[in-house]
Amino acid sequence: MAVGGALPKSDGKDYPGNMTVFVFLACLVASSGGLIFGYDIGISGGVTSMDPFLMRFFPSVYAKEQEVVDTNQYCKFDSVLLTLFTSSLYLAALVASLFASVITRKCGRKITMLGGGVTFFVGAILNGLAVNIAMLIIGRILLGIGVGFSNQAVPLYLSEMAPAKMRGMLNISFQLMITVGILAANLINYFTAKISGGWGWRISLGLAAVPAVIMAGGSIFLPDTPNSLVARGKEEEARAMLRRIRGTPDIELEYDDLIAASEASKAIDNPWKTLLERRYRPQMAMAILIPTLQQLTGINVVMFYAPVLFKTIGFGGTASLMSSVISGGVNMVATFVSIATVDRLGRRKLLLEGGCQMIIAQFVLGTLILIKFGTDGVASISRSYAIGVVFCICVFVSAFAWSWGPLGWLVPSEIFPLEIRSAAQSMVVVFNMAFTFIIAQIFLMMLCRLKFGLFYFFGFCELLMTAFVFFFLPETKGIPIEEMDRIWGRHWYWKRFVDDSTSNRKVQMAYNASAV
Numbered sequence: 059m060a061v062g063g064a065l066p067k068s069d070g071k072d073y074p075g076n077m078t079v080f081v082f083l084a085c086l087v088a089s090s091g092g093l094i095f096g097y098d099i100g101i102s103g104g105v106t107s108m109d110p111f112l113m114r115f116f117p118s119v120y121a122k123e124q125e126v127v128d129t130n131q132y133c134k135f136d137s138v139l140l141t142l143f144t145s146s147l148y149l150a151a152l153v154a155s156l157f158a159s160v161i162t163r164k165c166g167r168k169i170t171m172l173g174g175g176v177t178f179f180v181g182a183i184l185n186g187l188a189v190n191i192a193m194l195i196i197g198r199i200l201l202g203i204g205v206g207f208s209n210q211a212v213p214l215y216l217s218e219m220a221p222a223k224m225r226g227m228l229n230i231s232f233q234l235m236i237t238v239g240i241l242a243a244n245l246i247n248y249f250t251a252k253i254s255g256g257w258g259w260r261i262s263l264g265l266a267a268v269p270a271v272i273m274a275g276g277s278i279f280l281p282d283t284p285n286s287l288v289a290r291g292k293e294e295e296a297r298a299m300l301r302r303i304r305g306t307p308d309i310e311l312e313y314d315d316l317i318a319a320s321e322a323s324k325a326i327d328n329p330w331k332t333l334l335e336r337r338y339r340p341q342m343a344m345a346i347l348i349p350t351l352q353q354l355t356g357i358n359v360v361m362f363y364a365p366v367l368f369k370t371i372g373f374g375g376t377a378s379l380m381s382s383v384i385s386g387g388v389n390m391v392a393t394f395v396s397i398a399t400v401d402r403l404g405r406r407k408l409l410l411e412g413g414c415q416m417i418i419a420q421f422v423l424g425t426l427i428l429i430k431f432g433t434d435g436v437a438s439i440s441r442s443y444a445i446g447v448v449f450c451i452c453v454f455v456s457a458f459a460w461s462w463g464p465l466g467w468l469v470p471s472e473i474f475p476l477e478i479r480s481a482a483q484s485m486v487v488v489f490n491m492a493f494t495f496i497i498a499q500i501f502l503m504m505l506c507r508l509k510f511g512l513f514y515f516f517g518f519c520e521l522l523m524t525a526f527v528f529f530f531l532p533e534t535k536g537i538p539i540e541e542m543d544r545i546w547g548r549h550w551y552w553k554r555f556v557d558d559s560t561s562n563r564k565v566q567m568a569y570n571a572s573a574v
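Residue numbers for the sequence shown, in the numbering used here: 59 to 574.
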């Protein structure tokens, strides 16, 4: 057995059925929830690098930016108010995901997605029409509520609808939509920055309403998942839906597992309290560590501060936006690598390869900035040197896009048993948004204080997270979602937290099923 606890290919139930057109379309529509998150990540950094926006809302930052070139390039965007504008969304998403857990469990996944889309739409309109900082922040908070609802419900929906053998591919469509949103936002920023009159930022912020309409409108027509229907006592609807999404009447084995999981779920009065029990320690550790480590890659500061970052190291305003378009395009294209390989190579191989590639990219990037800017932050860079910096960033972004980007959402969404699934997924979103908020809030300050060392810091974090995957993350490829809990009982470390009798019984049942 591998160090990480990979299971033999033959271990586990093989439910009948393949991916149907109905499932593909449902997952495609649901994954559009990633558009709102991606669009916001891409749009924020671009808007905060536009001079008319800074002049109107952050004049002190604009004044510092216009100072002569011999000022410290590392520190010219260091502003608490500016980072609060960017990061307030993530704090709101953190709080919203806790409420979304209850709605998802009681009302279903699609209602949560609908609520998220509507709230995000209102926030987008407020931001597009903003006349002061208060309107901007309130709009950002509403956007955050929409993101919190979406990120809580969409990964669960995709994992529950997908057949086990294609769960990775379909779930990663959420991350693909995030990258599409980022790229679209970067392109929009590039063109709106050229609008004379200085009001292009309003179009950039206001167009966030478009992905919100797509998500909200699509969710109205989505079916709910069999898992959610069973959990809410709609057994016959769940049976009919399972037949439809699997494309076969032979669904009794999977249906019986859903019923069994639902019965276990009904015995739980407080899923949050249950999540803290010793037997769920492996799942709780993953719910905390995977989203936390995903943010410690430094990807979001690269993506939503990309224009500011490029501008800081000497690119012109338009050139910085174009460079972020390039990195956004690489992000989207590289996600297809994960879609094509995740259900063949597995989760661990992609995470390990991506981690190693990100480590190399961060240390090389930090060294390039050290050589040119040193510790005083005063320098200008040549075109060839700038291309080298952009190339390193693209190497880093591509590694993230086929590893920690999609798998940071996929793995948590597929490892939780039904009785704690909504609560645990909320915990994933909470820690994801908490560390996104923290890093977004302190990134510009850290860049000013740590300078080139900031990239070494993220490289060291990626070294730790790659070691974590190697030693502590078991392989989840191809295992039915309601049978996922057995992997912990066979892992060299996590088995000590799992009830031995329950684990052994489930493993024996799995072997018996595979032998038939």
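Everything labelled a hint here was simulated from the structure, so no lab data went into it.
Hints are supplied without guarantee of correctness; some may be wrong.
[To be verified] Restricting the straight-line Cα-Cα distance to at most 30 angstroms, the calculated cross-link-like pairs of lysine-lysine (DSS-like) are:
#1 LYS252 / LYS535
#2 LYS252 / LYS164
#3 LYS292 / LYS324
#4 LYS164 / LYS331
[What the hints assert, rightly or not] Label-pair restraints from in silico Cβ distances:
#5 LYS324 / PHE279: 51 to 59 angstroms
#6 ASP327 / GLY255: 30 to 38 angstroms
#7 VAL79 / LEU156: 21 to 29 angstroms
#8 ASP327 / LYS553: 34 to 42 angstroms
#9 VAL160 / LYS553: 26 to 34 angstroms
#10 PHE528 / LYS324: 53 to 61 angstroms
#11 GLY275 / SER440: 45 to 53 angstroms
#12 LEU156 / ARG554: 53 to 61 angstroms
#13 ALA318 / TRP550: 41 to 49 angstroms
#14 ILE500 / GLY255: 14 to 22 angstroms
#15 MET193 / LEU521: 38 to 46 angstroms
In this text the structure is predicted, and so the values were computed from the model without any measurement.
Glycine residues also receive a C-beta, built at the ideal position from the N, C-alpha and C atoms.
Hints and how they fare:
At roughly 47 angstroms between alpha-carbon atoms, LYS252 and LYS535 are farther apart than 30 angstroms, so this suggested pair is violated. Between LYS252 and LYS164, the direct Cα distance comes to roughly 47 angstroms. Violation of the 30 angstroms bound is thereby established for this hinted pair. Straight-line distance between C-alpha atoms of LYS292 and LYS324 comes to about 13 angstroms, which keeps the hinted pair within the 30 angstroms bound. A threshold of 30 angstroms between alpha carbons decides the hint, and for LYS164 with LYS331 the separation of about 17 angstroms falls inside it, so the pair holds.
Against the hinted window of 51 to 59 angstroms, the Cβ-Cβ separation of LYS324 and PHE279 comes to about 29 angstroms, which falls outside the hint. Checking the proposed 30 to 38 angstroms range against ASP327 and GLY255 shows it is violated: the Cβ atoms sit about 59 angstroms from each other. Remark: the range hint 21 to 29 angstroms for VAL79 to LEU156 is contradicted by a beta-carbon distance near 36 angstroms. Checking the proposed 34 to 42 angstroms range against ASP327 and LYS553 shows it is violated: the Cβ atoms sit about 28 angstroms from each other.
The hinted range of 26 to 34 angstroms is satisfied by VAL160 and LYS553, whose Cβ atoms lie roughly 32 angstroms apart. Take PHE528 and LYS324: their Cβ atoms lie about 38 angstroms apart, and the range 53 to 61 angstroms is violated. GLY275 and SER440 have their C-beta atoms about 48 angstroms apart, which keeps the hinted 45 to 53 angstroms range intact. Checking the proposed 53 to 61 angstroms range against LEU156 and ARG554 shows it is violated: the Cβ atoms sit about 30 angstroms from each other.
At roughly 28 angstroms, the beta carbons of ALA318 and TRP550 sit outside the given window of 41 to 49 angstroms. Checked against the given bound of 14 to 22 angstroms, the beta carbons of ILE500 and GLY255, roughly 34 angstroms apart, lie outside it. The given range of 38 to 46 angstroms is respected by MET193 and LEU521, whose C-beta atoms sit roughly 42 angstroms from each other.
Hints 1, 2, 5, 6, 7, 8, 10, 12, 13 and 14 from the list above are not met by this structure, while the remaining hints are.
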